[in-house]
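A.B. asks: Residue numbers (the working numbering), protein chains in the order written: chain A, 47 to 169; chain B, 30 to 639; chain C, 22 to 277.
What the hints contain is simulated information worked out from the structure, not anything from laboratory work.
Quick caveat, the model's predicted, so the values are computed rather than measured.
Backbone N, C-alpha and C define an ideal beta-carbon position, used for all residues, glycine too.
Just to be clear, a hint being listed does not mean it is correct.
No farther apart than 25 angstroms at their CA atoms in a straight line, the calculated lysine-lysine pairs in the DSS-like style are these [stated by the list, open to error]:
{"#": "1", "chain 1": "C", "residue 1": "Lys197", "chain 2": "B", "residue 2": "Lys299"}
{"#": "2", "chain 1": "C", "residue 1": "Lys113", "chain 2": "A", "residue 2": "Lys71"}
{"#": "3", "chain 1": "B", "residue 1": "Lys491", "chain 2": "B", "residue 2": "Lys573"}
{"#": "4", "chain 1": "C", "residue 1": "Lys113", "chain 2": "B", "residue 2": "Lys282"}
{"#": "5", "chain 1": "C", "residue 1": "Lys146", "chain 2": "C", "residue 2": "Lys113"}
In silico negatives: residues of chain C with every beta carbon more than 12 angstroms from chain A [stated by the list, open to error]:
{"#": "6", "residue": "Ile24"}
{"#": "7", "residue": "Gly55"}
{"#": "8", "residue": "Ile95"}
{"#": "9", "residue": "Ala102"}
{"#": "10", "residue": "Leu114"}
{"#": "11", "residue": "Leu127"}
{"#": "12", "residue": "Leu145"}
{"#": "13", "residue": "Gly203"}
{"#": "14", "residue": "Glu243"}
{"#": "15", "residue": "Gly257"}
{"#": "16", "residue": "Leu270"}
Each chain is listed here by its residues.
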Amino acid sequence: MEIKSPAQTGSAVAEASHEDFTEFKQHVHRYLFVFYALLFGTLATVGASYIPWGNHEINIGVALFIAVCKGSLVACYFMHLISERRLIYGILMFTAFFFLGLMFLTLSAYLNFPLDTVTPYGH
Amino acid sequence: MQATATEAFPHSGAHAAHHQEAGFLRTYVFSTDHKMIGLQYGFTALCFLLFGFFLMLMMRWQIAHPGKPVPIMGPMLASLLGNVAANGIISPDLYNSFGAMHGTIMVFLAIVPLAFAAFGNYLVPLQIGAPDMAFPRVNMASYQFYVLGGTVMFFSFFIPGGAAQAGWTSYPPLAEVVQTNGQTFWLIGMIFLISSSLLGAVNFIATVIQLRAPGMTWMRLPFFVWAQFVTAFLLLLAFPPLEAAGILQLMDKVAGTSFFLPTGLAVGGKLAHISGGGSPLLWQHLFWFLAHPEVYVLILPAMGIVAEIIANNTRKPIWGYKSLVYSVLTIGFLSFIVWAHHMYLTGMGTKIATFFQTTTMLISIPSVIILTCMFISLWGGSIRFNTPMLFVMAFLPMFGIGGLTGLPLGLSYSDIYLHDTYYVIAHFHYIVAPGTIFAIFAGIYYWFPKITGRFMNEFWGKIHFWGSLIFMNLIFQPMFAQGMAGMLRRMADGGANYSGAKTPDTVGGLSPFIMGLHTWILWAAVGLALVQIPFVINLFWSIKHGPETHSDNPWDSTTLEWQTPTPPPHGNFATAPLVYRGPYEYSVPGHERDFTPQNEPDPACEPSPA
Amino acid sequence: MDIPYTVEARPDTGLYNAKVGIWLFLASEVMLFGALFSAYILLRVGAPAGYWPEGWLNVPLGTLNTMVLITSSITTVMAWASLKMHQFGRFKLFHAITLLMALTFLSIKSYEYHDKFTHFEILLKDGRFADGHIIERAPDHIVIHGRIVNDEKALYNLHEKHIQLKEVTIQRSQIKSMERYGPWHNTYCALYFTLTGLHALHVIGGAIVIGFLWGPGSKLWETDPERFTNRVEVSGLFWHFVDLVWIFLFPVLYLL
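Isolated chain A, as found in the complex (with noise of 0.2 angstroms):
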């Protein structure tokens, strides 16, 4: 993270401060299309859900494949992610990766141990 030159920068802060109107209009657009995007990706997990695909893990597969492609839309157009600054960025890669750790080490503890030994006594 070193500094950058004054000119390179000045400039963001001129582009941030001088919105132009028309460009926002695109905005705009572009905001409507993922809204559409995300009320189809709703009835789209719920009927997935109902497809007998033979394996609930594929449900589940589904499912979450397609949470993650809304939550990808919410994050990256709604809250600006795609055109961020790379301190944001950096912060959250670095979440990302101790949220990763944090799911599968944790799971991983029963790597060679029998998973119904969570809950030792069945039901």
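Go by the hints and put chains B and C onto chain A.
C.D. replies: Below, chains B and C without anything else, positioned relative to chain A:
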């Protein structure tokens, strides 16, 4: 701006102070000034430190003399706490409460608020040349949450059944089935404390990223700021899982869920009336996901303080600044993936244990690099042996002992034997007590002149230092022996039931010598208490009566906090300082003075415009 | 000396303070919900076969609530875009819809909670299980809208097509024990109430902030429009995050 040391801001402090004339409440209670918040944190946390120490003394008495009334304090305990301390005797229940609360108070209410919140709040904005923290009101809220959490914790002693009894780790199912609401108080208190730390962490990181003075590039940050920065990231990302776990355990306590209670759990010989299906291991994962980084939260700010004081008192640049910075970043990163080395005995799979052993051994490398850099920094310096420097010089070997004795605990084979013995207690107390607390003492002696304009008394400071050093070692060194002899921690009778005297036919009973060390430790602890008295008196007496400094930079230091008026006014700097050089330019050849402040203009080097 | 970069962006980072702050806060929120999700996974894969509930929640209502939150998200981003285009009236309109959507979400959620708290599983003395909502309570008997099954396992999978609910009268003398579908009922209910409860708290918190900016806080628009726009942006980021969490909660709790 042509700023050289103090002359550039001739007592602008007085002006600014008058400008900001505010009432008592706004100045001392609901202040948004980072310096006042730092002092509030410092004072409150020192009180908790003393309280945690008092709990420890009571426990040491009980361990050395199980079932005997506590001298002097006994009647007070009996009248305040009732049945659990009947006749001034500490009952096993009360002992468990004291043990759990000693850990909780020392870690979450004393050391972290001192090392991170107090020193960090006061110094980070000053050292980076900022007028305040990025979010002053969030900063105030952070302190208020801390006080709220501390109050809940403190008053849980006086509810029926007493405070939490299941250790600072609060492992379920034990934590949830002990018959006291103290655990619920503990959880609510923890949720406040965690929220406080999260707000503080957001504030610290945003401040360091956004408010560095012009020219204060990342590689010109004092090491203390780097340490606080990494610490803040640890708090930010490691604390939320414990907050989640706290919420889940709170649901178990108040809403009857079974997140951590397994099916078939028997309490008092009867099947518990719970839905079951929970996992006790889940708590341990979530708890240690915080609590291991927490260890680094305890030690990193201390290393930061040590680096500042070493550079200043050896009058030469710290050795290997970049190595230090990259090491502290590596520690921060690795500390998130070592947590399960606390869980080798929990029935976790052996494959993952191997993974955690590997990362645990890896994380010792940057720690050793930091310690080595500090030691090499001493080489060839003309060292000034004042009180802060003495504490720092003692920190180095003490932290070394603490760190090296940790290695056997990071390997599952040796840990299986040593786990839950006094060895563990000795190990982490070497890191935190003569480690972090010594650094905190050093910091107090070192920055006191900046806060008050007066020095603390050197003679009594040295008494305080030598006494603390000797007694701390007398307390903790015998515990290694006790632990290796097999004495378990957390026993209210100090292991009397396992002593060779009580069970003469048993192989491996604790020998009279090992048992006798309890008395030894008790009196060393009393000695440690006595040598803190000069410190407390010195601290308060010197505010008004200590020798005056006659300068804003009495230690001839280079970093920015010494280049402001004393005490720094609201807003810290009259105008934003420009930074021209790195943090430790001591004894630069060709300069007339042996220190060159960071904001001293350098014709050869323009400040970066950031 | 004032704190710099409260409104304008710092040149080298390109960000104003509050934006750095909110993203850091969201990073910690990711870890908070991450821990809760990993609790969910661990408890679910550890559950004995056949005892993880399926179809216990009302999917149409959940779908509706998802759409409600998505709508609130688009109005939130539009409210901010309106301010960027200096259309204060449209901002007021869009955020009014956001607040309405937040209220709708919470109302539907409360209805679902109520439905669960009035749902009983009743263990009968003959070892069978009655299950349903109580519609009548008499001194000697109760009437439920539900069914009676022989094996508790039958209560766990509601995806079966042939489940028929009808009014069943149960003598009080037959009842061994009864339990509401509250968080204490089983691990699934515990997770459901904790996760959605914590999420609902976030919705309430976000709605309070947005409500403040929509109401009394909007005076700032006249004196410092740029700062006000930044506040709306930052509160919007939080709101989108709350939406994002729900996007994952919905399939995890309702569908899988």
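A.B. asks: Each hint needs a verdict: does it hold in this structure or not?
C.D. replies: For each hint, the structure was consulted:
{"no.": "1", "hint": "C:Lys197 <-> B:Lys299", "in the structure": "holds (19 angstroms)"}
{"no.": "2", "hint": "C:Lys113 <-> A:Lys71", "in the structure": "holds (18 angstroms)"}
{"no.": "3", "hint": "B:Lys491 <-> B:Lys573", "in the structure": "holds (20 angstroms)"}
{"no.": "4", "hint": "C:Lys113 <-> B:Lys282", "in the structure": "violated (43 angstroms)"}
{"no.": "5", "hint": "C:Lys146 <-> C:Lys113", "in the structure": "violated (60 angstroms)"}
{"no.": "6", "hint": "Ile24", "in the structure": "holds (18 angstroms)"}
{"no.": "7", "hint": "Gly55", "in the structure": "violated (4 angstroms)"}
{"no.": "8", "hint": "Ile95", "in the structure": "violated (4 angstroms)"}
{"no.": "9", "hint": "Ala102", "in the structure": "violated (6 angstroms)"}
{"no.": "10", "hint": "Leu114", "in the structure": "holds (14 angstroms)"}
{"no.": "11", "hint": "Leu127", "in the structure": "holds (19 angstroms)"}
{"no.": "12", "hint": "Leu145", "in the structure": "holds (19 angstroms)"}
{"no.": "13", "hint": "Gly203", "in the structure": "holds (19 angstroms)"}
{"no.": "14", "hint": "Glu243", "in the structure": "holds (18 angstroms)"}
{"no.": "15", "hint": "Gly257", "in the structure": "violated (8 angstroms)"}
{"no.": "16", "hint": "Leu270", "in the structure": "violated (9 angstroms)"}
Comparing the model with each numbered hint stated earlier shows that hints 4, 5, 7, 8, 9, 15, 16 do not hold.
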